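**Student:** The residues making up each chain are set out below.
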Amino acid sequence: MIESTPWLTDLETRVARVHERAEPEDVHQLRVASRRLAAWLRLGGLHVLRDDLRWLRRVAGAVRDIDVVLEVEGDPTWSRWLRSERRVRHQTLHEALASERTAGLLLALRSLPPVARDKATERLSVLAGKALAAGDALEGAPDDPERFHALRRKVRVLRYGLEWLGEKTGAFREFQEVSGLAADRAMSLRLLAAYPQVDELAARKSELEAEFAQQRHAGLAAWTGLRDRVREMR
Amino acid sequence: MELFLVRHAIAVPSADELPDAERPLTDQGRKRFAREVRGLDRLGIRLDRVLHSPWTRAVQTADLLHAILEGESAVEAGLAREPDGELVARLGAAGARVAAVGHEPWMSELLAVLVTGNKTHAGRLSFKKGQVAWLTGDAKPRGMEMIASLPPRVLRRL
Chain U
1 MIESTPWLTD
11 LETRVARVHE
21 RAEPEDVHQL
31 RVASRRLAAW
41 LRLGGLHVLR
51 DDLRWLRRVA
61 GAVRDIDVVL
71 EVEGDPTWSR
81 WLRSERRVRH
91 QTLHEALASE
101 RTAGLLLALR
111 SLPPVARDKA
121 TERLSVLAGK
131 ALAAGDALEG
141 APDDPERFHA
151 LRRKVRVLRY
161 GLEWLGEKTG
171 AFREFQEVSG
181 LAADRAMSLR
191 LLAAYPQVDE
201 LAARKSELEA
211 EFAQQRHAGL
221 AAWTGLRDRV
231 REMR
Chain S
1001 MELFLVRHAI
1011 AVPSADELPD
1021 AERPLTDQGR
1031 KRFAREVRGL
1041 DRLGIRLDRV
1051 LHSPWTRAVQ
1061 TADLLHAILE
1071 GESAVEAGLA
1081 REPDGELVAR
1091 LGAAGARVAA
1101 VGHEPWMSEL
1111 LAVLVTGNKT
1121 HAGRLSFKKG
1131 QVAWLTGDAK
1141 PRGMEMIASL
1151 PPRVLRRL
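Heads up: the protein sequence lines correspond to chains U and S, in order.
Residue numbering for the first sequence follows the numbering used here, starting at 1 and increasing by one per position.
Residue numbering for the second sequence follows the numbering used here, starting at 1001 and increasing by one per position.
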């Protein structure tokens, strides 16, 4: 049987910490724990509570996006705007973490029985099939950013599923690291588009677009190296 | 709006070693409620939101409703205690076709409030495990009327 601990304990800890201070690392780890628990629910065949976890990730993600961009972007005026935007988003996150929905979600997760290992193994092959389908879709249109993000999500769910079952996932991490760089650039582009003085950073925007395309292609290459391993899981 | 009040399906009995919030559905409860959901499906019922109590038997019942859910589910802690005005307001804001999965005696109380305006007669309302009360109107005290009370056996025969 697969118990939801220790990731549930981790999520509870991060919720408490982020509620107090919202340090970037805690916000990040809150989202990681939430994703891992969503993968655990998938292995258990449960649909419910995944929407609540997604909601939590979305609210925390609004803060995390800014943290990622602040780490790499140096323009002082844009950074000032980002920090001010973070304060607003943090307030929304703070309220979400104090809400009954979060309390109910944590209680519901704590109360669920463990997942049967044989059923989890069966469902893993479904997750592998979804990753392969997303990979095929991207290979058919390598310049489509949405298909790239979809593959990244499916591979991550599969990796977490494997890790719940105690499998090694080194090759998956490599793909995730490479594709993560592309995702970071996409985040910078999204926040730049929302920046009122975006016209002043036209050169940086062009650079980011070029880097995003380059790193997407590197991600696709990393996927090609991983694809056969995923096929074996079907 | 259309509101479907659902009492959770048959769960394992209370036991000292098992906290009430953690009681799961029995295999029979799960199978029977899955058949009830097929009955709801045959009635053409589709949901755009499922709200459920955080207790395991309600979580697992709500999960079976996923077959007719076209939107999202959300945990609603207010369904695991005596209903109040805030819960009623949240139900009203949840969507156009909403299911709320909870427990007795609170489901009967919620039904009584929505239909009659108070909880006085809640004790006279029967709400079996897996039963569905189909309401329409505005989610506010005395703002709704009951279209149908669908007992589990009837739903399974549809």
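Hints listed in this document are in silico derivations from the structure and should not be mistaken for laboratory results.
One or more hints might be untrue.
[Stated by the list, open to error] Some chain S residues judged to face chain U by a derived CB distance under 7 Å, without partners named:
| hint | residue |
| --- | --- |
| 1 | Ala1021 |
| 2 | Glu1022 |
| 3 | Thr1056 |
| 4 | Asp1063 |
| 5 | Ala1067 |
| 6 | Pro1141 |
| 7 | Gly1143 |
Treat the numbers as computed from the prediction; the structure is a model and nothing was measured.
Quick reminder that beta carbons are idealized off the backbone N, C-alpha and C, glycines included.
**Student:** Tell me, which hint numbers fail for this structure?
**Tutor:** 5, 6, 7
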